[in-house]
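Participant: This is what each chain is made of:
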Amino acid sequence: VDHVANGFDPTDVLRDFDWGRTRRLASGRVLREWEVFAGDKEIEVAPGVTFPAWVFNGRVPGPTLRCREGELLRVRFVNGSRHPHTMHFHGVHPSAMDGVPGQGAGVIPSGGSTTYEFEAEPFGLHLYHCHVSPLAEHIARGLYGTFIVDPRDGRPDADELVMVQHGYNTTFDGEGNQLYAVNGIPFHYMHEPVRVRRGELIRIYLVNALEYDPINTFHLHGNFFHYFPTGTSLQPIEFTDTVMQAQAQRGICELRFPNAGAFMFHAHKTEFAELGWMGMFEVS
Amino acid sequence: VDHVANGFDPTDVLRDFDWGRTRRLASGRVLREWEVFAGDKEIEVAPGVTFPAWVFNGRVPGPTLRCREGELLRVRFVNGSRHPHTMHFHGVHPSAMDGVPGQGAGVIPSGGSTTYEFEAEPFGLHLYHCHVSPLAEHIARGLYGTFIVDPRDGRPDADELVMVQHGYNTTFDGEGNQLYAVNGIPFHYMHEPVRVRRGELIRIYLVNALEYDPINTFHLHGNFFHYFPTGTSLQPIEFTDTVMQAQAQRGICELRFPNAGAFMFHAHKTEFAELGWMGMFEVS
Amino acid sequence: VDHVANGFDPTDVLRDFDWGRTRRLASGRVLREWEVFAGDKEIEVAPGVTFPAWVFNGRVPGPTLRCREGELLRVRFVNGSRHPHTMHFHGVHPSAMDGVPGQGAGVIPSGGSTTYEFEAEPFGLHLYHCHVSPLAEHIARGLYGTFIVDPRDGRPDADELVMVQHGYNTTFDGEGNQLYAVNGIPFHYMHEPVRVRRGELIRIYLVNALEYDPINTFHLHGNFFHYFPTGTSLQPIEFTDTVMQAQAQRGICELRFPNAGAFMFHAHKTEFAELGWMGMFEVS
Ligand SMILES: [Cu+2]
Ligand SMILES: [Cu+2]
Ligand SMILES: [Cu+2]
Ligand SMILES: [Cu+2]
Ligand SMILES: [Cu+2]
Ligand SMILES: [Cu+2]
Ligand code: NA
Ligand code: NA
Ligand code: NA
Ligand code: NA
Ligand code: NA
Ligand code: NA
Ligand SMILES: [Zn+2]
Ligand SMILES: [Zn+2]
Ligand SMILES: [Zn+2]
Ligand SMILES: [Zn+2]
Ligand SMILES: [Zn+2]
Ligand SMILES: [Zn+2]
Ligand SMILES: [Zn+2]
Ligand SMILES: [Zn+2]
Ligand SMILES: [Zn+2]
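Protein chains in written order, with the working numbering: chain A, 2 to 285; chain B, 2 to 285; chain C, 2 to 285.
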């Protein structure tokens, strides 16, 4: 797969947090701003296999937008795709900023733009996606990304990773997916393992954006993690090696590897694993 | 859709709690009694589309039976349908009162009747449904409803809403659903939003009665809720905007809307949403 | 179904814990050892219906391997099947002991053997299964079993039961299952109920090994249980009568029956229930 032609590399996506630009308002409050462009793009998803994706900022998944609880957020959205789109954020915001048809700026036509403005709340792990009908296709084509609101006092230092679970319905039959991936490219982390340090705290922001299939799961080999569903509590709910997420569910996994070596991670829906949703940690 | 001909309106179903009739026994204990009739009924589920439902008290979903922990409950069940049925309650009760074939009164034939009697326990959000074979069809035809056992000391005052997630297999192929709904009619709350007050505590009794599909999800736009699975604890387990339920799972969502306006809620299984499982809150 | 010819009886599987053999090392530490054989075996899964299973120690599910936190474990694995296999354990261990292709001994060919050695951690309810490709088939043919690590100080005394949820894809189409079961034989506990005592603490080790279908559920009639997901905490997460598990999820259910009598348990995915995933408790 030609990552340069694709314009993104899943290895970089892992630790690529888009903090936007900030300035302090007269009130002392932080204003954080991003620009997000929707576009149409052929992505090489497997050697020689291209998928006509709809993308935010040229990537599948879109950029990981990250901010801090209580900030004022402004997202300038420019629709450079030939199709109408929106950005709908999971989080608390006024209905005019909901990024759905019929509210506020509503559907943004090809060539149009708008600005979504709202407060960063609640802290946790959220997501955004297009909300135009047919909704399944607008999501399945690639229009989703991670939205992280850090707690006011932050979280403990860690090697932080974003993992967005998703798929490609390469037949466009709207019935399922023929390829499954984490961060854009099926099997990517089998060839290029996720490199981490033994004993170091690792925090995975795990998001399920999978369309069509009812659930997704994440299993880690040879280790366990603490799971924080939606990331809205600082107390974990479970210590496990396998979690399930429906579409739009997400959670934080915290772990340390006690042993060096190579450890698989994959959907324990084996169909998904064998069609691309598997990878390796390389612990040194 | 002609709600009058159907005999029920999803807007009314939201806040329609059937407390039955009560009297105090010599022991001082409260006896609570209901009469529930099974019947066969054509329901207009979409404009011009009728579904030959099997119904409890003329509705899909059946009546929301509500009581208080520790009461003695008596449910007079009369089967006016042409098919055999039962009422099986989720909750604690003797096996003779389980409403399944071969225990107690067993299957109640067309024209037959029985009385189920048991204590109200444990407090929480439960359900009831027919338990006659073929089980999938007896549920899918519409024979399910909500069963709420209030804690002995109640819950905090709130605007309380019942939302039963379900579907219609209009082809009767037993393979899936062609329409999805909350409280009986697909898309109903898109046309007639759920009206609530800004800042007021809202408590949603969310039940998944969906047949055939493996899971269902509930997502709320522009807001988050505390989730109490099965309603059996007064402490929430999660603060989120998306929950997943398998059939017969249920949970309480508590929230306040900080902003006025119109906010969608829908299954984040987008297939279900686009086939009817979506609605709006109108917050004023 | 001829349990003698099959070589195992689901009634025995319920309470059959394989503790292996132990001896104390010079350090004072306990070494616990098992021998596990993979083989090929025709199993009568329904009257007159045989399934060409791949089995650990002659059973579907494989033996319930049980140990205590902190022990040193040694599993001698001998592959007597005509197919290559491994034993992959859920739990914490070095990558060379992970039982996957390319790590340590890797894939064990027909006639080969290896020894997996690792520490028993963390305490909880885990599982093991073959990890050879095609992974879905190597699991679906029957190569899975329960792995219990007791807490250092044990759990309260109880009548302990193992229930492994699984299925048989008798058409080998890799698309789903035509039969569903707990502990090997569809409908077994309908004919031979699980006998338990009224008022006694019952602890169910519930594991979902189901291949192909996205989720599984366990529902108990007439009673509720405390649920400990993955068994890694001594505090339950929920009090309910219905839980959902994706493949490889597992949890402990603790309950007492207040009433004598016969109570069903079944998947509340009614399709699974009607194809074999149902049974009875007989409480006396
Ligand atoms: Cu959307
Ligand atoms: Cu594993
Ligand atoms: Cu039933
Ligand atoms: Cu949303
Ligand atoms: Cu495996
Ligand atoms: Cu039940
Ligand atoms: Na906000
Ligand atoms: Na697929
Ligand atoms: Na009761
Ligand atoms: Na459907
Ligand atoms: Na270990
Ligand atoms: Na099936
Ligand atoms: Zn779009
Ligand atoms: Zn694995
Ligand atoms: Zn969403
Ligand atoms: Zn019925
Ligand atoms: Zn939405
Ligand atoms: Zn039920
Ligand atoms: Zn194998
Ligand atoms: Zn049942
Ligand atoms: Zn596994």
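Simulated from the structure, these hints should not be mistaken for laboratory data. Worth double-checking, as some hints may not be accurate.
Stated by the list, open to error - Output of the computed footprint for chain B on chain A, the stretches with three or more beta carbons under 8 Å from beta carbons of chain B:
1. 159–165
2. 208–219
What the hints assert, rightly or not - For each label pair, taking beta carbons as the anchor points, the in silico distance ranges come out as:
3. 79(A) with 71(C): 52 to 62 Å
4. 16(B) with 174(A): 40 to 50 Å
5. 5(C) with 16(A): 56 to 66 Å
6. 110(A) with 196(B): 25 to 35 Å
7. 18(B) with 5(C): 51 to 61 Å
Predicted, not measured: the structure shown is a model, and the values here were computed from it. Glycine residues also receive a C-beta, built at the ideal position from the N, C-alpha and C atoms.
Participant: Would you mind marking each hint as holding or not holding in the structure?
Facilitator: Status of the hints after comparison with the structure:
1. 159–165: violated (count 0)
2. 208–219: holds (count 4)
3. 79(A) with 71(C): 52 to 62 Å: The hint (52 to 62 Å, Cβ to Cβ) holds, given that residue 79(A) and residue 71(C) are roughly 58 Å apart.
4. 16(B) with 174(A): 40 to 50 Å: Taking Cβ atoms as reference, residue 16(B) and residue 174(A) lie about 41 Å apart, which means the hint holds.
5. 5(C) with 16(A): 56 to 66 Å: Holds: the Cβ-Cβ distance is about 58 Å, inside 56 to 66 Å.
6. 110(A) with 196(B): 25 to 35 Å: Cβ of residue 110(A) to Cβ of residue 196(B): about 32 Å, so the range 25 to 35 Å holds.
7. 18(B) with 5(C): 51 to 61 Å: holds, 56 Å
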